Amino acid sequence: MTISIRSVEKKFGRYPALNQVDLEIADGELVALLGPSGSGKTTLLRTIAGLEFPDEGQVLFENEDVTFASAAARRVGFVFQQYALFKHMTVAKNIAFGLDVRKGKDKPNKAEIARRVDELLKLVELDGLGKRYPSQLSGGQRQRVALSRALAVQPSVLLLDEPFGALDATVRKSLRKELRRVHDATGVTTIFVTHDQEEALELADRVAILNAGRIEQIGTPDEVHDHPATPFVCGFVGEANRFEGVVSGQRFTAGPVVLAAPNAPDGEAVAFVRPHDLVLDAAGFPARVERVVIQGPLANIDASLPDGRRIDISVARDEAVQFTGEIRLSARRTHVFGV
Amino acid sequence: MAAARARHPTEDPVWAKVLIIGLMLVFLGLVLILPLVAVFAEALRKGLQPALEAIGAADALAAIKLSLITAAIAVPFNAVFGLCASWAIAKHHFPGKALLITLIDLPFSVSPVVAGLMYVMVFGLQGWFGERLIDHDIKIIFATPGIILATIFVTFPFIARELIPLMQEQGVSEEEAAVSMGASGLYTFWRVTAPNVRWGLLYGVLLCNARAMGEFGAVSVVSGHIRGLTNTMPLHVEILYNEYDFVAAFAVAALLCLLAILTLVLKGVLEIAQPDVKRGGGH
Numbered sequence: 001m002t003i004s005i006r007s008v009e010k011k012f013g014r015y016p017a018l019n020q021v022d023l024e025i026a027d028g029e030l031v032a033l034l035g036p037s038g039s040g041k042t043t044l045l046r047t048i049a050g051l052e053f054p055d056e057g058q059v060l061f062e063n064e065d066v067t068f069a070s071a072a073a074r075r076v077g078f079v080f081q082q083y084a085l086f087k088h089m090t091v092a093k094n095i096a097f098g099l100d101v102r103k104g105k106d107k108p109n110k111a112e113i114a115r116r117v118d119e120l121l122k123l124v125e126l127d128g129l130g131k132r133y134p135s136q137l138s139g140g141q142r143q144r145v146a147l148s149r150a151l152a153v154q155p156s157v158l159l160l161d162e163p164f165g166a167l168d169a170t171v172r173k174s175l176r177k178e179l180r181r182v183h184d185a186t187g188v189t190t191i192f193v194t195h196d197q198e199e200a201l202e203l204a205d206r207v208a209i210l211n212a213g214r215i216e217q218i219g220t221p222d223e224v225h226d227h228p229a230t231p232f233v234c235g236f237v238g239e240a241n242r243f244e245g246v247v248s249g250q251r252f253t254a255g256p257v258v259l260a261a262p263n264a265p266d267g268e269a270v271a272f273v274r275p276h277d278l279v280l281d282a283a284g285f286p287a288r289v290e291r292v293v294i295q296g297p298l299a300n301i302d303a304s305l306p307d308g309r310r311i312d313i314s315v316a317r318d319e320a321v322q323f324t325g326e327i328r329l330s331a332r333r334t335h336v337f338g339v
Numbered sequence: 001m002a003a004a005r006a007r008h009p010t011e012d013p014v015w016a017k018v019l020i021i022g023l024m025l026v027f028l029g030l031v032l033i034l035p036l037v038a039v040f041a042e043a044l045r046k047g048l049q050p051a052l053e054a055i056g057a058a059d060a061l062a063a064i065k066l067s068l069i070t071a072a073i074a075v076p077f078n079a080v081f082g083l084c085a086s087w088a089i090a091k092h093h094f095p096g097k098a099l100l101i102t103l104i105d106l107p108f109s110v111s112p113v114v115a116g117l118m119y120v121m122v123f124g125l126q127g128w129f130g131e132r133l134i135d136h137d138i139k140i141i142f143a144t145p146g147i148i149l150a151t152i153f154v155t156f157p158f159i160a161r162e163l164i165p166l167m168q169e170q171g172v173s174e175e176e177a178a179v180s181m182g183a184s185g186l187y188t189f190w191r192v193t194a195p196n197v198r199w200g201l202l203y204g205v206l207l208c209n210a211r212a213m214g215e216f217g218a219v220s221v222v223s224g225h226i227r228g229l230t231n232t233m234p235l236h237v238e239i240l241y242n243e244y245d246f247v248a249a250f251a252v253a254a255l256l257c258l259l260a261i262l263t264l265v266l267k268g269v270l271e272i273a274q275p276d277v278k279r280g281g282g283h
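Protein sequences, first through last, are from chains A and B. Numbering follows my numbering, with no gaps: position 228 of the first sequence is 228. Numbering follows my numbering, with no gaps: position 95 of the second sequence is 95.
Don't take every hint at face value.
Said to hold, decoys possible - Restricting the straight-line Cα-Cα distance to at most 35 Å, the calculated cross-link-like pairs of lysine-lysine (DSBU-like) are:
1. A:87 - B:267
2. B:267 - A:93
3. B:17 - B:139
4. A:173 - A:103
5. A:131 - B:267
In case anyone wonders, no lab produced these hints; they're calculated from the structure. Fair warning: this is a prediction, and the values are worked out from it, not measured in the lab.
Kindly generate the complete structure, drawing on both the sequences and the hints.
Written out as structure tokens, the structure reads:
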């Protein structure tokens, strides 16, 4: 199912939650909506789901205008951050809910529903837990139940709102892989909301980065990381050292920091340098190593500039020995944006 | 461990505990226990027989019956209203919501006597609809319908007030989940919303029932105190007391107390029985 969002606007009172949002999602794609809290990502997801209706603009499913169609009519599967499982129903009843509500000839018979529930429990590796109640499950298990409940209706699109937000780090990682596996197994177009860039970059085919109700950039994880379109994306996705300074004759200067800025127009600018793009260079700008922290195969170096500001450097662990005392640095790659 | 004797950081010294608990017990004893004991002692002063006779008297039985009928109509009415109102308030947005919440609380803030008088003003002989009601031979004031109306008014907030915070706390995501899977509004209400508040509803029904049977002020104004016809149990107690028939008055009062105690016991049983609410299960 392809999904098109066209010039969607939504206000809550006077506060604009979505501002001229355009987004095209291809059939079978796994897309992440990434942004800080209040960026409008959840509102956008709920607008696609039919749980909110936009003030302006259109939502199209496969070229059919569903802007004001109900969630049920759109056949979406929605997974809520806090699971929203029905507490008084067993796991099996929860998963079967979307089939149980159907009427007449659309409603599968009991045996069929039971078979489908078993199938879904297997898919999310919860076989045999159908008779439990949600309160008897762990957080990760509840989220799996929520996922299979959403898949039970064979949705045209699967929507997940911060699906791993309430889980601890280990469970998050394993559920991430699981979602990818389920997505690949079912082929259902999937959109999920997250504020965790690592999650978005690891899991999604494409990432849409939202800020203040606008989409700043849409692209593959590599694109948004390596070719950020705006200063916001550069600062939000991946680690970055940020400098405010001036470009003059293809050189960016901010106090002691001098960076190459090819093709950047003269004038005030902000520059971002990723920690792993900083290298030792006798002709570079001076810095002083304050602390070296080993993290697995990497060494994270905390250094100070002559004017007292701090910068982060990240290198392979073997190279860390060269980072002692006074050093000189240059950047392999710099992202410069005029202001 | 030597530290076993040390106080828990949040625990008070012994003298403070004794003082606070003692004060509370004295207060409870004077205000609650002693009067309760007095009611039963007075009722049984001349033995069990006179007390049972007083309760078995025709007028007393009529009063008991009227009280039960009143509760049997007022409580279900308020249960339905409470469910509707709390559902509307907790799960939906609409203009005038704050006003509705305030209106639901009105019976708590208005004196029951005033509530009774309001009904007399509207439905009484000299009231707005008085003549029309007489023309159609409908009697509301000084009759059972008036008593039921007054009771409904006074017990209006109990169930709604119990359910609104509960539903608000539960949020709307379960309902949204149900709707997104194709459930209709009514189906969602019966299968998702109502089961989630069933304990709160039962609790509210119990409180509402206790108040419905015990209501005095509003009912006193609209009843007309016709023995054997429009006297509820509390009104009957007052009449007997005013006639210096203390044993009979306290015997009926004791029966009311027993009903109240039964309500509290049921409430306690409910609190133990509700499995998931206390543990916050499901979230």
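- Hint numbers the structure violates, sorted upward? 3 and 4
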